[in-house]
Structure formats: structure tokens, C-alpha cells
Amino acid sequence: MKTPALTLNGISKIYPGTVALDRVSFEVYPGEVHGLIGKNGAGKSTLVGILAGLIEPTEGTISLGGRSFRTLSRVRAKREGVAIVPQEPELILDLSVAENLFLGELPSRKGLLDRKTMRTLAEEVLSAYGTGINAGLLAGDLSLSERQLLLILKSCVVEDAPIVVLDESSAPLSGRDALILRKIVEDLRSRGKAIVYISHHIDELLEICDRMTVLRDGKAVAVRERASLDHASLSELIIGEESSLTGGRSEDTPTPGEEILRVEGLSRWGAFGDISFSLRRGEILGLAGLRGSGRTELLKALAGIDPADEGEIFLRGNSVRFRSPAEALAEGIAYLPEEREKEGLLRSFSIRDNLLLNSFGNVCGGRFISWEKSEERALAVFREVRVKAFSIHQGVDELSGGNRQKVVIGRIMANSPEIYLLDEPTRGVDIGAKKAILSIVSERIRNGAGVIITSPGLDDLIEVCDRILVLSKGGIFREYERKDFSEHRLFLDMQGFGQQERRGGRECQAV
Amino acid sequence: MSGSLKLRLALLDNIIWMMLIAFFSVCALSIPAFATWTNLVNFLYHTTIMSMLVLAQGFVLMSGNLDLSIDAVLAFAPGVAVLMSVKWFPGLLGSPWTAIVLTLSIGALLGLFNGFCVARLGMNAFMQTLSVSIILRGLVLFFIPLSIFPLDPVYSFIGKARIAQLGNIPAAIPVTFFIFFIFHVLINYTVFGRNYLATGGNARASFVAGINTNRMIILGFMVAGILSAIAGMLTAGRQDSVSNTMGNGMTLLAFAGALLGGTSMSGGKGSAFGMLGGAILLGMFSNALNLLGVKVTLIHAAQGTLIFLAILVDRFRVSLRSSMLRKEQIRTLHREEDRGAEYTVGKPREESV
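Note that the protein sequences, when read in sequence, are chains Y and G. Per numbering that gives the first Met the number 0: the first sequence = residues 0 to 510. Per numbering that gives the first Met the number 0: the second sequence = residues 0 to 352.
Calculated directly from the structure, the hints in this document are not laboratory data. As the structure is a prediction and not an experimental result, all values here were calculated from the model. A portion of the hints provided could be inaccurate.
Taking lysine-lysine pairs in the DSBU-like style, the calculated list, with each CA pair at most 35 Å apart, reads [unchecked claim]: (1) K43(Y) x K182(Y); (2) K341(Y) x K268(G); (3) K5(G) x K387(Y); (4) K115(Y) x K43(Y); (5) K326(G) x K434(Y); (6) K159(G) x K341(Y); (7) K387(Y) x K294(G); (8) K5(G) x K341(Y).
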């Protein structure tokens, strides 16, 4: 038997309060495509971080080509021949495709950049797989899919490392580019490279991989040959048999009131297409979907941030069209951004000023601010969302992630909107804050308002939602009532087997 | 929060005034002619023009932008307004009151243009206002090869007149203080002020939160334009003429005053009183050096050093402030633990009563 190119031996990573990885072991052989799959929070990203040398494991060893390491640094990982294709396209948009491709080891002669050689080499690489990308273009001129492809080529072909880690690389790829990725992977395999292939899509893994490791709650629950797996058995491994997360809790859920929001045939080019649903007062509607399914884009369209191209939104029966968040807010729609630090918080403002960011006018009833009233309102909200801080005059920088999120949630509550659009309210917060946030959603926010919520994990949605819409490839795949919730079926539906790509409306599709 | 902590925080947040008082005391003790009524009125009078520009620059900085054209607007707005009033359309716009309205409108329009280009067309504020600044300077030289004088007394009132009822101080001083007071209210006690600061703190988050950030940025530039036009009227009034070199090179010093006063280049911070303090410190500094007989060229270098020190103090202040707050936080936590209570803020919760 061949010696493995990469061996993980009892790798654990313990963060204060949580075990992210629990004695994970597997090995990848040269010429093998090894799949890695698991739910959100199963430990995939931690594992990738360890392989990339960004995270230091608490325990265990990593063997690369016969040499053993306790930990890898970024430099060492690179030197020992581990190439990583990251999730986010990290390109220098003002440099050309060729320069990006060879960045770090630009061909040169006596210190002078050798443009001719670089161009020829780049064209060779690009045409070898039929990408159709012009080497002379600026990286900024490429589509998202092409940028991702460029990164894949850089890590897989140009760096020519013996071990390649592809971290959900297919997510932003268009249909044609996904085929090119497949071709690249086939080629790497035939050249004897060891490939770790991470994806959320079951059928993609089943098609490409030779073997698979399934992660669940930080443990490697199975390492299986491709031949011994099919859709059903693999998804069972991913979710686990003891899963008790099903809907239909006996507790009395308040009966939802009248319809406050209806969406008909909403489409945004390149993001989602032909979305129709309705929301009633007092109802919590979940949007389940993988990264790239269009859930965030849909919420942003409803909030007026990136408006839809086609379709109609009816608010309390009247057709509305928002071109900016300000217009949506005036009609009582509040959006909780997915990216808390970038789109949610003002670091130069205190907790109080963040809480009242867009509600000073409402609270004080005019153009002038009454600090007394503002203070009172801020304190009320502060207590309602239970931020752990000693004063509302503290800066938000001094708070933990979970408490920062509570501040942002408090802010959108301060305006008492009628419709809440919560984009991943539990992302990146610890378990305690997560519970607190979910109870705020199900006990406080839903009173008198309608809620649409997305989440990185299904369990959150199953816990709080009255209804769940499963989004896949930009369209609504199926709708579940609370009594029919089942993690297993939701998970399979999120994969969207047999679902057509739906991005943009009929008109756009013709383009 | 304990009383002494509050006091220390207040002192830190108004560090520019602490520096001002310290500097004033030193000068008053060591320079005989410094702390006299005439000298104080004199240097405040000299500071009024710069303080308008500091406020203009500081206000734009608060929204996270910058404006290099303020000193060009200072010359252009009164220049063109007076030309229109006395030379081009004397019949139609002859009144000095129209000239004043024209001056302010030209300032506002130039600001609107800058703001529109930056907010709507997405131009870089540095390059946009640099180009406008060069254009305006050129036009001023073209239109006013020599200077225009004398000016109507109504037009030159705020720059030249003295008020007998107020100890014969120049009108410019109360006008300046009044404007700063208005801005203090605007920034701290209006919804607009909050939205404006928020835009500078994090434009994307403010936009997502439903603030019309483009309007905030455009209004900021317009306000800067109007303030620069007022500074222009103060300058023209003082010399009783409009000349093409008015305000030359004052933009960068206005940055210095605004930074001294606690605004930040990255936006989202700033107070009217802080900027007033910054402007006065700049003026007081050169006044003191003047009285000591230091050469003008050296005064510039000394002002540069002052700015460097201000930036240094500001860095120090930020870290001092957060360490004070952290210590207080730890103390509070310990106290709460001792009592075994949950966190409470302000008045005790009603349930626990």
C-alpha cells in the first residue's frame, strides 16, 4: 500500500467552552480525492484553518509526506506543499489575470519582470482547461465565478503543490466553470496529487470523491469508500440518527394574525428568481438554504438594499417598491445585517447611540433630541435584549461578539418595526448568547410583528420557526409547516436535487 | 460609574481645552503683554477666520470626507459675489444685502457640487476637491487681477465693524461664537447631527440602518461651503477689499485645527467646542510667538510641531481612556460578584423593587 501524503492523527481543537474538533483522524493518499462534509458547526472550517496553518491544534499531529508536525504555520504549510483554495476570492483586482496567477513568484530576468514569459505561461495554464479567460484582463473585470476559477488555477496548477485543499470552491462557480473545476480535479488526481475536497453538496461529493470523511459535532464519525455510500446513507451520516430535532412542539404557539407581507414573482438577476410567499403578523418564517442559495440576497432585496429587478412586494395589501433601506424603514421594515461588524455596528458610537442609531427621531418625536427620553428608551431596550455591559455609555468595542449582536438586535427593535428581516442573527455567537437571541426572537420580537429569519444551522430554524421555506439555487424548493419539520428532509431539500438554476426572472434568463 | 471617573473622563474628552488653559497660564505668566484685554481681543479677532475654516473642515471630516477647496471658496465666493453686485449686474443685484446672500449661495452651490460628485458619482473626495480648489483659484486670479475696494459697509460689517455696546470688540467675535453655538446644538441635539455622525462612523452600516447617507455627505459639503463663504466675508471685511490671495494656504492649517479639536481623519468623531478650542489654540500659539518676537517662518515650523504633539496626545488619550474604562469594568464586575447580583444599569429594575 502507498504511503499517505497527508495524515491527521487525533487532531483536537478546544476553545474556551467548546470543543471544535475531537480527536479527528484520517489520511489522504496521493492520487486520491478525499471528501470532507458536515453540517455548519461540525468543524470543517477549523480543520481547514489547521491545514492552512492559521489555527493551532490543541492536540494531535499532522504528517506530511512522512514528516510529523505538532502544528503548521502559514509559511510551513506552504513550504511543505499544502495549497489552499480559500472560500473568499482573494485577488488583487487592479492587477492583470497573469500577474495574479503568478503573484509571489513572478517570472523575472535579472530582477526585471519578464512580462512575455509570464503572459505565455498564463495563457498556457488558462487554455489548458478551456477557461476562456483572457490573461491580459484585469482581475477586477472578471465575474465572481471566473475569479474563483483563477484562484483554483493558482493554487492547483501554478503552485503545483502535492496536497491541495479545496474549501467549498464550487459554491460561487457557474455551471460551465464547475465542469472546468471537475476537469482540474481529475487532472490533479491522475498526476498523483492528494486532494481534500470540502463541499456542502452531497451529489457533487459522490461524483468526484474516492473516499469521504464525515464530521459531526467535531468528531470524524465515518471514513468511507465512495462505493459504499449513496445519497440516503451519506445524509444519514451527516445528520446523525439520534437527531431529535423535529417540529410540532406541543407548546401553544400563538395563532398568526392577518397577512402583512406578500411577495409575488420576485427576481434579482444573478441572485434569485420567481420567489413568491406571504408572511402573517406574529409569524416566524425561516429561510433555509446553503451558501449561495439566494437567502441573503432575498432579504436584502426586501429591505431595499439591493432592490429586486422584477416582481412585486405587497405591504399590508399595498404594492410597494423600496429603492433604499431608508424607504423600507419608514414603512416599518427593519433588516438585521448578516455582517455585524461591517454593516451593523458603529465602532465610534457608544452602546446607547448604537441602540438608537435610526430611532432618535421616533423616540424624541421631532428633529431635536431629548437626551432624557433617549436615555430612557435606550435603557429599556438594553434591558430587553439583556446586553451584558456595565453601562450604556460603554463603547461597543468592549463587548463580546454575542453582546454586540444583541446591541444590533436591540437597535432594530428600538424602532418597533412591523416586519423583521433577521439575516443570521446567531452567526458567530457563543451558545449562551445564541439561546438568548433565539428567545428574544420567539418571545419578544414576534409580538405584533412578522419575522423572516435565516440561520447558518437548521437547528435554530427548527427551534423558533412556524414555517420554513427551503431555498435552493435561487428558487423556493419546498415549504414546511411546523408540524412537518424534520432536519433530515430539510437537509436533503437544501441540496436541491433536480432543482433548476433560477437566478433572475424570465426576461433576464433570456439574456 | 463613580463621580471621579466621570470627571476624569470629561477632562480627557475635553483635552484640547485643558491644553488651552495650560498654555494660556504659561503665556500669561511669562509674557507681559499677553494677558491684556487688547491682546486677547486682538488674537480672538485674528482667529475668527481660521475658526470658520476649522469648523468647515472639521464638519466634513466628521462625515468621513475631506475638503481641500475651502480656502479657494473663501476667495471665490465673496470675489464673484461682489463682482456680480458692483460690476456685472449693478442694477439688478446692486444692494449689499444681495451681495451677502449671493456670497453664501455661491458657497453652498460649490459645496453642493463637491458633495454631489463625491456622494452620487462616487468620486474620491481628495481628488474632487483638489481639482475644484485649483479651478477656483485660477478663476479668482482671472476675475480679480487686482483687488476690489472699497466694499459697502453693510457687506464688510461682520469683518470690520466694532460693537460699542460690547466693549468695542469686533463684531466678528460674537458672530463666530454664535455660529459655533449653533453647530454645537446641531451636532449634539438634533436627529440630523446624530445621523451625520453615524454616516462618518460607518457609512455602510448607517445606510443599511436606513439613514440617507448620500444626503448627509452632500449637506456636509454644502455646510463647509457656506462656512468658507462666511470666512471669506470676514476676510474681505477686515481688509475692506477682495483680493485674489485671500485665504491662500489655510486649508492645511484648518485640518490641523480640526484634528487638535478632536475630530478624526476616519470620521464619526467631533464636537463644535473641540474645534473652537483647536482654532483658538492655533491662534494663541502664533500670537504668543509673535509677542516673543519669533520670526514668521519659524512660527510655521512651531505650528507644525504643535500639530505633531496634538496627534501624539490624541493617541495617548485613546489608550488612556480605554484602560480607565476597562479598570472600571473589572471593578464593577467584582462588586457585582460580591453581591451576587445581575448586571443593573441606572435605576434598579422594577421587578426587584
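Now the hints, each set against the structure:
1. For a cut-off of 35 Å, the pair hint linking K43(Y) to K182(Y) stands: about 24 Å separates their Cα positions.
2. For the proposed pair K341(Y) and K268(G), the alpha carbon gap of about 18 Å is at most 35 Å, so the pair holds.
3. Proposed proximity of K5(G) and K387(Y) is supported: the alpha carbons are some 21 Å apart, at most 35 Å.
4. For the hint pairing K115(Y) with K43(Y), the CA-to-CA distance comes to about 41 Å; that exceeds 35 Å, so the pair is violated.
5. Taken as a hint, the K326(G) and K434(Y) pair is honoured in the structure, with Cα atoms around 29 Å apart against an allowance of 35 Å.
6. For the hint linking K159(G) to K341(Y), the alpha-carbon distance of about 49 Å lies beyond 35 Å, and the restraint is violated.
7. For the hint linking K387(Y) to K294(G), the alpha-carbon distance of about 57 Å lies beyond 35 Å, and the restraint is violated.
8. Using a Cα cut-off of 35 Å, the hinted pair K5(G) and K341(Y) holds, with the two alpha carbons roughly 31 Å apart.
Checked against the numbered hints above, the structure violates hints 4, 6 and 7; every other hint is satisfied.
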